[in-house]
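Chains as they are written, first to last, in the working numbering: chain Y, 1 to 137; chain Z, 1 to 401.
If you are wondering where the hints come from, they were derived from the structure by calculation, not from laboratory data.
Here are the computed lysine to aspartate or glutamate pairs in the EDC-like style, where the Cα-Cα straight-line distance is at most 20 Å:
hint	chain 1	residue 1	chain 2	residue 2
1	Y	58	Z	368
2	Y	17	Z	335
3	Y	58	Y	117
4	Y	113	Z	346
5	Y	17	Z	334
6	Y	58	Z	335
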Amino acid sequence: MNDALYDQAIIAEARSKTGAGRLEHPTVTAECDNPLCGDRITVALGVEDGRIVDLAHKTRGCLLTQAAASLLARHAKDADPAKARELRDAIEAFLKGGEDERFAILTPVRNAKSRWDCVTLPFQALADAITDLERRA
Amino acid sequence: MRSIRQDFPAFDRLERPLHFLDNAATSQICRPALEALLGFETEDRSNVKRGVYARAERASAAFDDARKSAAAFLNAARPEEVVFTSGATLGLNTAAHILEHRLEPGDVILVSLLEHHSNLVPWQLAAERRGASMRAIPVTDDGRLDLDRLDELAKGVKIVAVTHASNVTGAVTDVQRLRAFCDATGALLVLDGAQRAAHGPLDVQALGCDLYAFSGHKCFGPTGIGVLWGRYDLLDSAPPFLGGGEMIRRVNIERSTYAPPPHRYEAGTPPIGGAIALGAALRWAMAQDWTALEEQERELAGRMLDGLAAMPGCRVYGSTGTQARIGVVSFELEDVHAHDVCQLMDSDHGVMMRGGHHCAQPLMERFDTVATARASLAPYNDAADVAALLDGLLAVRRKLA
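If we strip away everything but chain Y, and leave its shape as in the complex, we get (with noise of 0.2 Å):
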């Protein structure tokens, strides 16, 4: 099972740290810890005429919430916000089981209940981001 779970797949994912970095002027920014182990992921937002034109992560984290992290920033740029709260709930109906091709290569965290909370923290700060980013509206 945890084999899997550091498959070069994941590793890849984690390593490529797509969207690491930040943002010179964001529109919004969310912050969210894992109180389980302090990890810490700041997500920043530019946002344009309903669209998610820019997006940076900084992630003090373990492999899978960097993976996810990675994830994140493939799949959330570009994307109407609403659209992209929606992977807060996505990636935890993944984890579930629902099938979602997006997420594949985590499927070996299916298996690994306590790290769930990893792999769904920086979708959740995201989810923070926009909520934020709608209050203001």
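Use these hints to put chain Z onto chain Y, whose structure you have.
Just chain Z, lined up with the frame of chain Y:
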């Protein structure tokens, strides 16, 4: 030679070696504790202090004996100084409750950067309720309380609440110096013994502390039970913490009068089986040769520390020496997150250890890190466990670093 592992049912039927190095979180239960628990639940199960039938008499007697065992383990002046709690956390919350009415606005509670959140948050809550404030003893680079700084921290201190041994660096606190500080300032001394209690019997009178808390599940007993020891006059100086049965003397609709300690702090039916099993675990501990066990732990900790020091890209948090410490060792592998280390150590190498902030976030900040990996020793660990740890870490490093 008889192995101490025979006293631990966890090792009875193994399909693969059990390299259990997460003892600072929870130790394995010893056979006498498990047998006492089973004996109570099958032969004597009934409530204590109420029933007049023989079964209930036996339960009450066994419960009283458990308190006496805990008193003996702590070298308490009398069994009535032993309060059964659900664990060290409830013990420390109760300790904060007992002492908080002594606090005036502006008074200071002195804690330290080494504290587990359980010995931090209860005092923060008490400080908030009383208008008092918190102050922390700093930690040296090798993970010990920086007691040379005590004098400059003294103003207004009414309570000193610190760990007896760190759950991150393994440092054992120099209680004598804290005692001298408390004598000079008039402060009361509370020790969090959650880690230290797993390393042999204690002497609260020699330590000179005022309150002492520990958990059963870290010292070879069951979960859900722990002890708060307190000087009797101190226990008798505060109102109850929780209300309910067992803790009262007389109840009217308007108000009630309360039982003396320890029952004042034991509202409701206690965890009877847990207390009886803890008593058995503490008697088991008192029967061991702790001079030999300490020597064994020091030897294994030394191997662990030497192996980690020789590992490229490995940083040990805390002292790398084997003196004035318990066998709790925290470290980090460069570029490998602690949770990734722990997951692979289990799946690939059968080594169970802990990764995270260890409920000691202020200390993590002090060390400018987020999470460490931690290996912690118990009497049943041996050289094979340490070898599995060190070999496994090298392999994990090759895989992920």
